[in-house]
Amino acid sequence: MTMVLPAQSEAAPRAPRGPIVEFCRQQPLGAVSFVIILIMMLAGIFSPYVAPYDPLAIDFASILSPPSWEHWCGTDAFGRDICSRLIYGSRTALVIGFTSSFVGSTMGAILGIASAYFGGKIDNWIQRFMDILLAFPLIVLALVVVAALRRFVVGGVDVNLIFAIAIPIIPRVARVVRAAALGIRVMPYVDAARAAGYSNSRIIFRHMAPNVVAPYLIMLTAFIAQAILAEASLSFLGLGVVEPTAAWGLMLSGNAADFFREAPWMILFPGAAISLAVFAFNLFGDSLRDFLDPRFKV
Amino acid sequence: MLRYTVHRVLLTIPTLLGVALLVFFMLRVVPGDVVEVKLRGDGGAVSQETIEAERKRLGLDKPLVTQFTGWMAGMAKGDFGISMWTERPVMEEIGLRLELSLQVAIMATIIAVLIAIPLGTMAALFRDTWIDYLTRIITIGGLSIPSFWFGMLIMLSLLYFFNWLPPITFTPIYEDPVANLTQLIWPALAVGYRYCAVVARMIRSSLLEVLNEDYIRTARAKGVFEKLVITRHALRNALLPAITVIGLEFTFLIGGLVVTEQVFNLNGIGQLFVQSVARNDFTLIQGMVMLIAAFYVFVNLAVDLLYAVFDPRIRYA
Numbered sequence: 000m001t002m003v004l005p006a007q008s009e010a011a012p013r014a015p016r017g018p019i020v021e022f023c024r025q026q027p028l029g030a031v032s033f034v035i036i037l038i039m040m041l042a043g044i045f046s047p048y049v050a051p052y053d054p055l056a057i058d059f060a061s062i063l064s065p066p067s068w069e070h071w072c073g074t075d076a077f078g079r080d081i082c083s084r085l086i087y088g089s090r091t092a093l094v095i096g097f098t099s100s101f102v103g104s105t106m107g108a109i110l111g112i113a114s115a116y117f118g119g120k121i122d123n124w125i126q127r128f129m130d131i132l133l134a135f136p137l138i139v140l141a142l143v144v145v146a147a148l149r150r151f152v153v154g155g156v157d158v159n160l161i162f163a164i165a166i167p168i169i170p171r172v173a174r175v176v177r178a179a180a181l182g183i184r185v186m187p188y189v190d191a192a193r194a195a196g197y198s199n200s201r202i203i204f205r206h207m208a209p210n211v212v213a214p215y216l217i218m219l220t221a222f223i224a225q226a227i228l229a230e231a232s233l234s235f236l237g238l239g240v241v242e243p244t245a246a247w248g249l250m251l252s253g254n255a256a257d258f259f260r261e262a263p264w265m266i267l268f269p270g271a272a273i274s275l276a277v278f279a280f281n282l283f284g285d286s287l288r289d290f291l292d293p294r295f296k297v
Numbered sequence: 000m001l002r003y004t005v006h007r008v009l010l011t012i013p014t015l016l017g018v019a020l021l022v023f024f025m026l027r028v029v030p031g032d033v034v035e036v037k038l039r040g041d042g043g044a045v046s047q048e049t050i051e052a053e054r055k056r057l058g059l060d061k062p063l064v065t066q067f068t069g070w071m072a073g074m075a076k077g078d079f080g081i082s083m084w085t086e087r088p089v090m091e092e093i094g095l096r097l098e099l100s101l102q103v104a105i106m107a108t109i110i111a112v113l114i115a116i117p118l119g120t121m122a123a124l125f126r127d128t129w130i131d132y133l134t135r136i137i138t139i140g141g142l143s144i145p146s147f148w149f150g151m152l153i154m155l156s157l158l159y160f161f162n163w164l165p166p167i168t169f170t171p172i173y174e175d176p177v178a179n180l181t182q183l184i185w186p187a188l189a190v191g192y193r194y195c196a197v198v199a200r201m202i203r204s205s206l207l208e209v210l211n212e213d214y215i216r217t218a219r220a221k222g223v224f225e226k227l228v229i230t231r232h233a234l235r236n237a238l239l240p241a242i243t244v245i246g247l248e249f250t251f252l253i254g255g256l257v258v259t260e261q262v263f264n265l266n267g268i269g270q271l272f273v274q275s276v277a278r279n280d281f282t283l284i285q286g287m288v289m290l291i292a293a294f295y296v297f298v299n300l301a302v303d304l305l306y307a308v309f310d311p312r313i314r315y316a
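Residue numbers (numbering that gives the first Met the number 0), protein chains in the order written: chain A, 0 to 297; chain B, 0 to 316.
Hints listed in this document are in silico derivations from the structure and should not be mistaken for laboratory results. There could be a bad hint or two in this list.
[To be verified] Derived coverage of chain B by chain A (criterion: at least 3 residues anywhere in the stretch with Cβ under 8 Å from a Cβ of chain A; other residues may be distant): (1) 138–148; (2) 260–274.
[As the list claims (entries may be wrong)] Some chain A residues judged to face chain B by a derived CB distance under 8 Å, without partners named: (3) CYS23; (4) PHE135; (5) VAL139; (6) VAL143; (7) SER232; (8) LEU236; (9) ILE273; (10) LEU282.
The beta carbon of each residue, even a glycine, is placed where N, CA and C say it ideally should be.
Using the sequences and the accompanying hints, generate a full structural model.
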């Protein structure tokens with residue numbers, strides 16, 4: 000990792016640049032993480048073209064073969080190519096990670112803004128409910144939801160898993176968005192909108208929501224990282240994605256542990272993939288926060 | 000202060016009641032229960048009558064409200080019911096495993112705090128130097144590497160370098176401390192890494208904030224040694240927010256343990272929780288969720304009350 004100094008604002012006036020160029024200039028680490036995310040996304044979208052083998056093809060001739068030119072990351076106990084499974088696994092991780100974070104963050108944001116806007120009793124009720132959801136660690140609540148929904152797959156997508164991960168995200172986003180919205184609620188333009196007789200929903204969606212987009216986007220990216228981690232954990236526990244689907248967490252469970260001694264590559268590569276993905280989204284979220292709103296700096 | 004304390008204590012009741020309601024009804028919304036997993040789980044053909052009889056025996060046929068009030072009445076007397084799978088008291092099942100998990104959690108906390116305080120302090124003092132960047136990479140790594148994979152890596156390196164694996168059977172620390180520690184230190188490290196990262200980040204940011212305060216400048220201006228400025232003036236104030244994080248993260252360690260215990264094959268609370276979810280063991284899930292939530296609520300309460308002790312503004316608000 001190169002040592003990069005955070006961009007200090009120089010006094011010299013500059014020609015205006017696009018936000019993406021500006022982001023890369025100010026947040027080089029963020030740009031690096033964005034490239035990693037982009038590669039993952041491309042690998043996920045074009046898996047059939049990128050993957051050297053069929054992720055499900057069982058090849059008894061090359062069971063547990065170590066990494067080689069033929070199989071870059073080796074093969075598993077069924078002779079399936081680990082590299083191809085990792086590429087297909089990025090699809091699972093991104094689809095579940097993004098969808099659950101999007102669902103959770105959006106519901107959280109709506110509840111947060113509504114809570115701040117209406118105040119009083121409604122605020123109190125919403126906050127009490129959020130307190131209840133916050134009394135669980137993310138993975139514990141996700142497990143309870145998994146226990147409640149059982150297996151529920153629509154069109155190859157594990158809907159139960161998406162909800163299990165999205166629900167714990169709601170209160171965490173709601174709290175942050177509510178705090179941001181409380182500041183906006185007292186702005187003169189909200190009073191002006193109310194004085195002009197606009198409806199509640201118009202004020203919420205047209206006047207308040209655009210101003211909490213920054214914290215919303217920051218939370219959304221940060222929780223993609225958490226969601227990928229949660230999906231991997233649940234799949235590892237055998238309560239998430241099921242075989243034969245290629246999923247990183249699943250690749251670490253079951254017979255990966257049995258062949259610990261003989262085939263460490265079965266453990267090394269999928270774990271590295273999870274870590275890299277979560278790392279990239281964490282770093283990207285961090286940089287996005289610093290870029291969009293220095294006040295949120297932790 | 001008394002008024003504030005009573006108010007805060009009373010507020011925990013609706014939260015816990017809400018948790019109980021939520022968990023109880025959530026588990027029962029979708030059809031399917033422990034009886035099906037138990038009798039049909041292996042693909043065995045069991046007649047509908049047998050299933051109904053088993054449901055009746057476990058009290059699953061009663062109306063939901065009756066079941067709920069029965070459960071609540073039991074809890075009020077300290078009776079959490081019996082596990083629907085093992086049919087032993089829920090509290091007994093949990094009690095058997097609590098010692099192990101609690102010990103791992105405490106050890107993880109000690110490791111995390113011991114590493115995080117110097118790490119976070121150094122990062123703040125040498126802000127924007129290679130020390131800070133290195134800390135940033137270490138801490139983001141802690142937030143990114145799944146604790147269960149980190150645990151696997153630990154086991155793999157033990158095997159590779161020492162050709163040795165930690166013992167599998169649990170020995171209480173008062174019986175044989177060496178055997179106990181050689182088994183539990185590794186899972187504690189695995190879950191402690193993330194914990195350490197969270198605390199170090201918190202210490203860094205709160206120390207940076209404190210270092211900008213006027214009283215730090217005053218201390219420096221009157222010629223206090225820099226070392227004393229940091230330890231006596233800055234760190235002491237910066238640790239208060241860090242203590243909150245340490246307290247709250249401690250209750251969240253159970254989240255890490257749920258997965259990591261599986262890797263090390265530890266028979267603790269986390270593994271029990273995963274098993275009870277896989278088996279649809281409603282009573283056991285409910286009991287454990289209540290325990291986790293109650294623990295969280297009380298740590299939260301303790302942190303709030305401590306804050307009120309230290310900061311009179313909160314008491315009178």
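Now for the hints, and whether the structure bears them out:
no. : hint    : in the structure
1   : 138–148 : holds (count 8)
2   : 260–274 : holds (count 4)
3   : CYS23   : violated, 18 Å
4   : PHE135  : holds, 6 Å
5   : VAL139  : holds, 6 Å
6   : VAL143  : holds, 6 Å
7   : SER232  : holds, 5 Å
8   : LEU236  : holds, 5 Å
9   : ILE273  : holds, 6 Å
10  : LEU282  : holds, 6 Å
Hint check: a violation occurs at hint 3 only; the rest are consistent with the structure.
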